[in-house]
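> Next come the chains, spelled out residue by residue.
Number of protein chains: 2
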Amino acid sequence: MFIGAQVSLYPMTSDFVPVILSGLQALEPYKKDLRIETDDISTLMVGSPDPLFDALRDFFARAAKEPAHVTMHCTVSRGCPGEPDDPNCRCDILAVGQSLPLEVRQAKAQEAVAQAASAGVEIDVQFSLYVLGQDRHMDEIYGCIAFLKSSGTFLKSKNFCTRLRGDAGAVFETLRQAFLRFGPAQGHVTLDLTASANSPSRR
Amino acid sequence: MFIGAQVSLYPMTSDFVPVILSGLQALEPYKKDLRIETDDISTLMVGSPDPLFDALRDFFARAAKEPAHVTMHCTVSRGCPGEPDDPNCRCDILAVGQSLPLEVRQAKAQEAVAQAASAGVEIDVQFSLYVLGQDRHMDEIYGCIAFLKSSGTFLKSKNFCTRLRGDAGAVFETLRQAFLRFGPAQGHVTLDLTASANSPSRR
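First to last, the protein sequences are chains A and B.
For the first sequence, the positions run 1 to 203 when the numbering used here is used.
For the second sequence, the positions run 1 to 203 when the numbering used here is used.
Don't take every hint at face value.
Identical chains share a label here; the pair holds if one copy fits it or two copies do between them.
[As the list claims (entries may be wrong)] As a list, the in silico BS3-like pairs of lysine-lysine whose alpha-carbon atoms are at most 25 Å apart: (1) 32 to 158; (2) 149 to 31; (3) 31 to 158; (4) 156 to 108; (5) 149 to 108.
It is worth saying that the hints were derived from the structure and are not from the lab.
Chain A on its own, in the form it takes in the complex (with noise of 0.2 Å):
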């Protein structure tokens, strides 16, 4: 299994560098659980799912902090058949399997979701969800946007992807348990996701 995410960071303000790099230094404790390169276009951060989506929670809430407007895109994935083994993408989760009975597992992340500590900022997040490599894909995506409007962070659905909104904390959960929860435990899941805070349009 390899697990891991292509991360860019927009602040929408001319002095982006200083909120980029402050981004990048809220990245430092997870160091020593995920690979981070940075190049022209995105971070690149492979390691298991409980690192990662902390470190993606960090990196954006500690950008939202600040007064300008910022968005984040994340290109995350798990078990692309293209992708190397590596061990140091284990996650309990997906090594329990997807053997539980879907409504066990809507009920699980719903859990995860309520626990989820406060990271003190509010953000906005649009994403979706792909199951590839399955013929009835679609009834996973189902069970899952039946977990999503249960989970506290739902705000509305779109064409191709889903609204979310709410505390860093709790949002981020929602996503990790989005991305383990549903598809086939071995399978080829990915996320296409944005998040967003301090948008002049919700002023």
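Please arrange chain B on chain A, whose structure you already have, making use of the hints.
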């Protein structure tokens, strides 16, 4: 068939609103062929791939000609089983179907990129193509990657995605061909796409 995109433009300047509005003006000629709706996170564009990818190209090329660093993210989708059928999304390439052998589709895709008109601005792109609801999705992905490598816009492979670089005309034609020529004609195919211009990391 339902085809469209959720599109967001991110200018890294404090004066970001005029850049977004100027990009939106480049969409004017496409308003007769595309349904376009904007909210606080993204702009929905629904319609057939000819005006859709032309609109994405012109939207981004206009913004890229300004001096500021600017990026665009698009979630592009065709054939999502959760969306209604829309006669406005009709597409001749998909109507002919994916019955053509892979190497013929690759050659037609190459030809289309070679004939693309110049947009007069160089851009970077990073994207992932997802073929959903099919057991053997990686065969089409590998076929698409072979086309990309011969497209003249290929820069490099990265974890989870592919990098393109070149004139916006050739790059968006490469993306349209990747989106249409690979994966089943009636299947669910998506693109997770980031375009970038004027990055200070490249100066």
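> Okay, which hints does this one fail, numbers in order?
2
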